[in-house]
Every structure is written in structure tokens, then in C-alpha cells.
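Engineer: The residues making up each chain are set out below.
2 protein chains.
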Amino acid sequence: MQNISAYIEKNKVRFIDELFELLRIPSVSSKNEHKEDMYRACDFLKKSLLDAGAENAEVISTEGHPVVYAEKIIDPSLPSVMVYGHYDVQPPEPLDLWKSPPFEPEIREDRIWGRGADDDKGQLFMHVKAFEFMNRTDSLPCNVKFMIEGEEEIGSPSLGKFCMENKDKLHCDVILVSDTSMIARDVPSITTGLRGLSYFEVEVAGPGRDLHSGLFGGAVVNPVNVLAKMIASLTDDNNRITIPGFYDDVLEVSPREREEMAKAPFNIDNYKKEIEVDELDGESGYSTMERTGIRPSLDVNGIWGGYTGEGAKTILPAKAYAKISIRLVPNQSSKKTDELFIRHFKSIAPPGVRVSANVLHGGEGYVSPVDHPAYLAASRAYETSFGKKPIPFRSGGSIPIISLFEKVLGVKSILMGFGLESDAIHSPNENYPLWNFYKGIETITYFYREYMKGDN
Amino acid sequence: MQNISAYIEKNKVRFIDELFELLRIPSVSSKNEHKEDMYRACDFLKKSLLDAGAENAEVISTEGHPVVYAEKIIDPSLPSVMVYGHYDVQPPEPLDLWKSPPFEPEIREDRIWGRGADDDKGQLFMHVKAFEFMNRTDSLPCNVKFMIEGEEEIGSPSLGKFCMENKDKLHCDVILVSDTSMIARDVPSITTGLRGLSYFEVEVAGPGRDLHSGLFGGAVVNPVNVLAKMIASLTDDNNRITIPGFYDDVLEVSPREREEMAKAPFNIDNYKKEIEVDELDGESGYSTMERTGIRPSLDVNGIWGGYTGEGAKTILPAKAYAKISIRLVPNQSSKKTDELFIRHFKSIAPPGVRVSANVLHGGEGYVSPVDHPAYLAASRAYETSFGKKPIPFRSGGSIPIISLFEKVLGVKSILMGFGLESDAIHSPNENYPLWNFYKGIETITYFYREYMKGDN
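Which chain is which? The protein sequence lines are Y and S, in order. Sequential numbering of the first sequence, starting at 361, is according to this note's numbering. Sequential numbering of the second sequence, starting at 361, is according to this note's numbering.
Take these hints with a grain of salt, some might be off.
Identical chains share a label here; the pair holds if one copy fits it or two copies do between them.
To be verified - In silico DSS-like links for lysine-lysine, alpha-carbon gap of 27 Å or less: (1) K459 with K679; (2) K589 with K679; (3) K679 with K633; (4) K706 with K633; (5) K589 with K706; (6) K813 with K529; (7) K632 with K706; (8) K679 with K391; (9) K633 with K589; (10) K632 with K679; (11) K370 with K633; (12) K696 with K767; (13) K527 with K695; (14) K696 with K521; (15) K633 with K529.
The set of hints was computed from the structure by calculation and includes no laboratory data.
Please take these sequences and the hints and turn them into a complete structure.
Structural biologist: Following this line, the structure appears as C-alpha cells:
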């Protein structure tokens with residue numbers, strides 16, 4: 361195998377140029393105005409994969425945004441690895457907080473800045489470049505498939521059907537995903553758990569129009585005051601979720617496993633400093649890592665209602681809205697949670713308002729086994745490139761499609777994410793360090809070698 | 361005295377044309393972008409008052425928006441009536457709910473539609489036209505002054521100083537104000553009480569940037585969840601305000617006075633229908649009219665934080681904001697309430713967030729005596745024009761400057777408002793019935809006659 365480090369060094373300017381071309385496409389899946397941009401991103405990836413050595417690549421329509429599929433079958437009797445990624449990105453708002461425009465990528469402080477730099481354009485592009493290297497150096501040891509979707513950030517509504525309809529085409533032995541983070545640059549880790557998600561938009565409607573808050577205040581039920589009370593009541597003083605039945609399917613992690621988890625390096629002062637908070641808080645009786653790794657949580661993602669402009673406007677608002685999401689642990693059902701939440705939320709509405717609650721998206725959690733041959737191969741690959749064994753790690757995030765892959769395709773996914781917490785994914789000033797980008801390409805090529813070599 | 365009804369009939373097209381000219385000026389006091397419009401409104405009013413017969417009229421600068429002052433002194437030994445009104449209007453947002461553009465007034469269903477149609481351009485213009493009638497028919501029985509400000513909707517921050525600096529000029533025996541509503545078209549009423557106001561903007565700041573709600577949810581204090589809990593805790597299950605010391609200065613109204621108040625005609629079904637709610641709720645132990653008339657209240661006027669766009673965005677917001685206002689009853693101090701609220705609101709902030717609270721505006725409540733000669737004159741004027749005695753009525757709204765007039769100028773104000781609850785002031789589709797506009801002009805001219813005639 362020709363030296364991957366040398367290959368990266370020689371081609372890195374081109375790699376970045378190509379990635380920048382992809383980052384410039386504002387492929388925001390949640391907004392209809394970007395429909396054309398989704399196709400532009402697909403066409404770019406299709407061409408990239410063909411250039412990198414795919415035998416064929418296609419853009420396949422779905423009921424939502426299209427999927428890019430590509431493959432190179434060197435020998436049908438050899439194992440197949442499928443790479444999953446997504447070309448869609450989160451909305452860039454609030455725009456005024458970006459130091460450089462979200463869709464005009466640039467390099468500063470050895471990082472790539474722009475929406476999608478990490479999540480997931482930057483990370484999926486590492487796979488395209490690792491694939492290119494193996495093709496150009498005739499070192500591809502197995503069959504490779506790529507499935508890149510455009511709806512991950514909105515809950516992958518079309519990909520389940522796509523997988524069911526294309527089971528044969530998508531047949532593979534393992535799925536590789538780079539869409540998660542490492543504990544730290546010098547603490548490589550592989551994500552072995554993900555949380556599920558139930559995401560709602562709720563509306564509390566009161567009077568038929570905004571009323572004068574002087575003439576009516578005190579006599580008419582105020583939808584914002586009500587929404588505040590309803591949200592407040594969803595968690596108790598111990599930060600436990602109060603929805604009846606919510607914890608029924610939550611599996612308590614054994615004391616022994618929690619002890620093991622506690623050994624992972626974690627510096628709480630750095631964590632607080634990184635996100636600029638003085639104090640942390642969460643469910644009583646659990647550590648910070650446990651609160652995101654093995655426990656469910658409930659967050660308001662957005663709230664709005666009434667007058668939000670400059671100065672004072674004395675109205676009693678007609679309506680109030682919130683986006684509320686619940687993170688679930690493996691074994692909790694997203695669908696059951698949807699039903700529990702909606703029933704409960706409506707039940708706590710006081711007289712004088714009309715309440716609606718709708719599911720925006722959701723998905724199940726996932727646990728990956730640490731004795732799977734592909735996990736072990738990934739572990740050895742990290743050891744080669746980072747010089748140390750990666751730590752298995754349960755993330756608080758959700759990639760709902762991963763549990764669906766297991767259900768529909770019967771295949772486990774290995775979450776080789778190379779992001780960092782400081783990458784600010786989903787936030788203004790998303791970025792991805794060049795070092796991680798190149799290290800990811802390197803580690804991925806080692807994975808293929810280790811996976812085909814087997815554990816001996 | 362020539363017949364006012366005939367005069368109105370003859371001139372009503374011109375009256376409306378002139379009022380529309382004023383309504384077309386978007387004199388929104390809370391937004392800096394309308395600075396020029398404030399001067400345009402002043403110039404229009406100055407010209408209108410001179411045309412109507414004022415001896416002199418001027419636009420006087422303040423630290424904020426200018427004041428229009430005009431006068432006609434027919435005999436320094438006669439009493440002087442001062443008309444107070446305001447040419448500024450509430451912001452028109454949300455624009456998409458208006459059936460016709462807010463600053464393009466039009467007549468439909470015998471009503472004038474547009475921002476300011478009632479509050480207060482339409483109502484103050486009745487005084488200009490009543491003044492015009494008396495001048496043109498040589499029937500003005502006393503001296504008249506006009507003081508029209510441009511900051512009422514933002515709490516009149518400059519008018520107190522203006523009054524103090526112009527005490528001599530503003531010397532008068534009574535102040536007439538049309539900036540309130542009647543109980544109903546066929547139930548004339550005079551507002552004898554107003555509530556005070558303390559209006560705040562609060563900010564709850566958590567992490568230094570929006571975080572991924574999966575990676576951090578459950579471990580990091582969410583400012584929106586916190587703000588909801590803080591707002592929820594400001595009122596208890598009986599809808600009483602929980603701020604320590606808040607009720608100390610609230611005077612309980614005697615059972616006898618409450619019995620008298622309960623005699624005012626009030627149809628709760630019509631009230632609910634008018635504002636499109638099924639149920640009303642408020643402080644336990646008080647009726648709907650009492651809840652707005654003689655009891656304080658706390659309302660969120662606006663709330664915002666996190667992602668409020670289309671679809672789902674899984675962020676844990678960095679900040680959350682709310683506009684919160686408290687209506688006060690006479691004898692409560694707005695300044696003391698400001699201090700109580702800010703101290704309390706900061707004290708209930710949990711660890712992990714930084715809370716700030718700032719006063720946006722405020723003012724004291726007011727009670728007007730029903731045995732004042734000007735009240736009695738107004739009462740007789742209504743009896744003449746409406747054919748029935750008006751009901752003294754305590755409104756829930758606030759005109760903070762009224763209590764200041766009493767303090768600085770030592771003069772009582774008579775609140776001859778001709779609006780209706782259905783006028784949707786401060787809301788989209790503000791309107792003012794033509795009938796009320798003309799009836800107001802008529803009643804105002806009778807007031808002058810009755811006031812000079814005295815009670816005999």
C-alpha cells in the first residue's frame with residue numbers, strides 16, 4: 361500500500377478546493393427554497409465519486425430530497441462496506457453571529473469554517489478521498505458502496521422506504537458512518553451509542569387576535585403565560601421528565617457499566633469553558649457524561665409568541681409556539697414517546713386555550729457492539745493513525761437512520777466520527793479542523809486494510 | 361349655538377379626508393426608522409389646529425419625539441380647558457394579519473380601518489373638529505389649549521419634563537382626554553380609573569453559543585426551559601402574583617363599591633365572543649370586570665429564543681428573552697414595582713444561567729373623582745348626545761401621563777373616550793366606527809357648553 365500520508369500531502373490543496381465547492385452549495389433540507397441546491401449537491405457528489413473510481417453513480421429521486429448512490433464491486437464474493445453520509449445541512453441562522461458567511465467557506469486558524477464543514481459534508485468527503493486513494497493505488501481490498509442522503513437533518517423521512525425498496529442493491533456487511541465526534545483531538549473514540557429523538561412543534565392559541573394587555577390583562581388567559589407553565593411542568597425539580605409512563609422503557613445501566621464509563625477521560629472544567637457556562641445541571645443522580653450518554657432529556661429548541669421587536673408593545677398575544685424535543689435512550693420507542701407526549705401535553709392545557717402538538721421528526725436510539733469485527737477493525741485503524749486505542753463512547757446525539765439500517769438491512773453501523781465538540785455543528789461558525797479532516801482520511805484507509813485482514 | 365349635527369353632516373367628507381391624511385403617516389414611536397414621520401405628523405397637526413382656529417400652534421422639540429402645542433385664549437379671566445392626545449401609534453406588526461394595509465386607511469362596514477384610527481389619531485381629531493366648529497360658529501365659551509405628544513405608546517418618557525418646563529404655558533383648569541373606550545355603543549361610559557404599568561424586558565443567557573441539543577441536552581442548563589420555569593413561577597395557582605411584597609400597597613376595594621361596580625351592564629357571553637375565547641380565567645375571588653378594573657395583573661407580551669423558523673433544528677439555545685408587563689392599581693408605585701420585580705426575577709435564576717431584567721417603561725395608575733365639575737359637565741354632555749347618563753367605569757389600561765399631569769400641573773383629567781372594545785387597538789385591523797367619531801365630536805362640543813354653564 362502506497363503511503364496514504366504522502367498521498368494526502370500531495371493532494372491536500374485539491375481536496376480542500378473540492379470540498380469548498382460542496383460547502384458553497386446551501387443544501388438546507390428543512391427549507392423548500394433550497395430544493396434546487398439539493399440537486400446541485402447530488403450532482404457534485406455523483407461526479408466526485410465517479411472521479412474517485414466508482415464504477416457507477418446515480419442520483420435517485422425519493423418523495424423528499426434525492427439520494428446519491430455509487431458503488432465499486434471488485435469481486436462479488438468479497439465483503440461489501442457501505443458508506444453512509446448526508447449532504448444536507450442545518451439552517452445557518454442566526455446569520456449575524458457568523459464571523460464569515462456560512463456558505464462561503466474559508467480557512468482560518470487551521471480550520472475549515474462554514475455550514476457543513478463537519479456535519480456532514482466534511483466528514484463524508486473524507487470517505488470519498490479515502491476511496492479515491494485506494495482506487496488510484498490499486499489497494500481497494502473489498503467492495504464499496506456509497507449511500508448519501510439529503511434529509512438527515514430533518515429525520516430522514518424518505519430513507520427508510522428507499523432502503524426497503526433497494527434492499528438488494530444496498531446489501532452489505534457493515535455500514536461506515538462519519539457523522540459523530542471524538543472525545544478530543546488526542547483522545548480518539550468511536551461512538552457506540554446514540555440517543556433516539558422525538559421532536560414536536562406545539563401551539564397554544566388563546567383569543568382570536570392580539571389584545572390590549574391593559575384592557576384585558578388579568579381577565580383573559582394569556583397563551584404565552586400558559587405555554588411557560590406547561591413547559592415548566594414537563595420536568596420536575598430533579599430534572600426528570602414528568603410525562604406519565606415516560607421512563608417505563610428506560611433501561612437502567614448497571615453500576616458496573618457506569619463505573620466503566622466513568623473511566624473515560626473527561627475534564628469538566630474544559631467542558632464548561634468550551635461552552636462558556638459556569639455551572640452544569642441535569643437529572644439528579646447522574647454525571648454529565650451519563651446525562652447525555654445514557655439518560656433521556658427534554659429541551660425547548662425554540663419558542664416564540666407575541667411582540668418580539670424593539671421597544672414595548674402592550675399586547676396580550678393571541679398565540680404562542682414552541683419547538684420541543686426529547687432525546688431517548690436505546691429501548692425507548694420514538695413513536696410511543698410521540699403518543700405519550702402529545703396526549704400529556706394536551707391533557708395539561710388549562711381552560712381558555714386550545715392546544716395542538718405535532719411531531720416534526722424522530723427516530724430510535726442505537727447501541728453498537730464492541731466485539732463486532734468491524735468495530736475491532738476500526739479500533740485497530742485508530743490505533744495505527746492516532747497511536748492509541750480509541751475509547752468506546754456513548755453520544756447524546758441522534759442519527760435516527762442508524763437503527764433503521766439495522767432493522768431493514770440487518771446490518772450494524774460503525775460510527776467513525778472525527779469531529780470535535782468545538783466544531784459548533786448546528787451553530788453559527790461551524791468548523792472542522794484540517795488536522796481531523798486529513799487524519800480521518802488516513803484512518804478510513806487503515807480501516808479497510810484491517811477489516812479485510814481480520815482479527816489475527 | 362349652531363347645530364353641531366348639521367355641521368358634521370355638511371363637513372364629514374372633509375373630516376375623513378383630513379383624518380386619513382394623518383393616518384397615512386406611520387408615526388410608530390418605538391422604532392427609530394420613523395423619526396421623520398413623527399415630524400410629518402406634527403406638521404400636519406399644527407396646520408390642522410391653525411386651520412381650526414388656534415391663535416398659535418408650534419412643534420416643540422423634546423429629548424424624544426416632539427410635542428404639538430396650540431392655544432386659543434379668548435379671555436384670560438375665563439377657565440382654560442387643555443386637550444391632551446397623542447399622534448404616535450403602536451407598531452403594526454404582524455402585518456400579514458391586516459385585511460387592508462395599516463397605513464392605507466379605508467372605510468368598510470361604516471368603520472375607519474388603519475393603525476391609529478382609534479388610538480389615538482381618530483379620537484384626538486374629534487377634539488380638533490369640535491374646536492373648529494366652536495370657532496367657526498363663534499361659540500367657543502372658554503380658553504382652549506392642545507398638547508399632543510408622540511411618545512404615549514412608549515410611556516411618555518419626555519412629557520413629564522416638558523410639563524415641568526412649561527408649567528405656565530400649560531396652566532389650565534381641567535384636561536380632556538379621548539384615549540379610552542366606552543362599555544358599548546349604547547352604553548356610554550366615562551373612564552374614572554386607570555391602571556399603572558411596569559414593563560420589562562428580560563434575558564436569560566446560558567451557553568456562549570447555540571449547542572447541539574443531542575450532544576449537550578440533559579447536561580447543560582437550557583435558557584428557554586429556565587425562562588419558562590421562571591415565568592411560570594411568577595403567578596400561583598390562584599393567578600396571584602408571587603413577587604414578595606407585591607400586594608403590600610394594593611388597596612382592597614370595599615364590598616359596597618364592588619357591589620356598585622357589579623351593577624354596570626356587562627355581558628360575559630358577548631365579551632367572550634368578541635375576543636373569541638371559550639373560557640375566561642384570572643385572579644380567584646374576583647369578577648372579570650374587577651380583574652381588569654381594580655386588580656393588578658402580569659402578562660408576557662412577547663417571548664422568543666432559539667430556532668423559530670420552518671421545520672426542526674436540534675439546538676439548545678444560547679439565550680431566551682421575554683417582554684413582561686405588570687398592570688398596577690392606583691396607590692401601587694410603578695418605580696417600587698420595578699425594583700421588586702427586578703430583584704425577585706434575578707433571585708429566582710437557577711445556577712447555569714445569567715439573568716438580566718430592564719425596565720422598558722412604566723407609570724402610575726389614576727382615579728378620577730365623579731363629583732368634579734368637569735366630570736359632571738361631561739356626564740351631562742353624554743346625556744345630551746346619547747340620551748342616557750354615562751356610567752363611571754374603571755379601565756384596565758394605562759395612560760401613565762395622566763397621574764403625572766395631576767402631580768406636576770395639579771389638574772384632574774376627564775377621560776372622555778369614545779372607542780369600543782371591538783376597535784382592536786394595538787392589534788391588527790385597528791378600526792374606529794364612523795358613528796363614534798361623529799358622536800364624539802358632538803359630545804365634546806356639548807362638554808364645553810355644560811362646563812361653562814356649571815351645575816345648576
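Engineer: So, for every hint listed, does it hold in this structure?
Structural biologist: Tested hints:
Taking the shortest alpha-carbon separations for K459 and K679, only the inter-copy value of 19 Å comes in at or below 27 Å, while the best intra-copy value is 34 Å. Taking the shortest alpha-carbon separations for K589 and K679, both the intra-copy value of 14 Å and the inter-copy value of 19 Å come in at or below 27 Å. Only between protomers do K679 and K633 lie at most 27 Å apart by alpha-carbon distance; the minimum there is 17 Å, versus 37 Å within a single protomer. Proximity of K706 to K633 under the C-alpha cut-off of 27 Å is restricted to the inter-copy arrangement: shortest distance 23 Å between copies versus 39 Å within a copy.
When the C-alpha separation of K589 and K706 is checked against a cutoff of 27 Å, the pair qualifies both within a copy, at 13 Å, and between copies, at 19 Å. Only within a single protomer do K813 and K529 lie at most 27 Å apart by alpha-carbon distance; the minimum there is 25 Å, versus 98 Å between protomers. Taking CA atoms no more than 27 Å apart as the test, K632 paired with K706 passes between copies only; the shortest distance there is 22 Å, against 36 Å inside one copy. Within a single copy, K679 and K391 get their C-alpha atoms as close as 23 Å, and across copies as close as 23 Å, so both meet the 27 Å cut-off.
When the C-alpha separation of K633 and K589 is checked against a cutoff of 27 Å, the pair qualifies only between copies, where the shortest distance is 25 Å, while the shortest distance within a copy is 32 Å. Taking identical chains as interchangeable, the C-alpha atoms of K632 and K679 lie at most 27 Å apart only when they sit on different chains, with a minimum of 16 Å there against 36 Å within one chain. Taking the shortest alpha-carbon separations for K370 and K633, neither the intra-copy value of 37 Å nor the inter-copy value of 75 Å comes in at or below 27 Å. For the identical chains of this complex, K696 and K767 are intra-copy neighbours only, at 17 Å inside a copy versus 63 Å across copies, given an alpha-carbon limit of 27 Å.
For the identical chains of this complex, K527 and K695 are intra-copy neighbours only, at 24 Å inside a copy versus 70 Å across copies, given an alpha-carbon limit of 27 Å. Taking the closest pair of Cα atoms, K696 and K521 come within 27 Å of each other only inside a single copy of the chain (20 Å); across copies the shortest separation is 63 Å, beyond that limit. For a Cα distance limit of 27 Å, the shortest separation of K633 from K529 qualifies neither inside one copy, at 47 Å, nor across copies, at 61 Å.
Hint check: violations occur at hints 11, 15; the rest are consistent with the structure.
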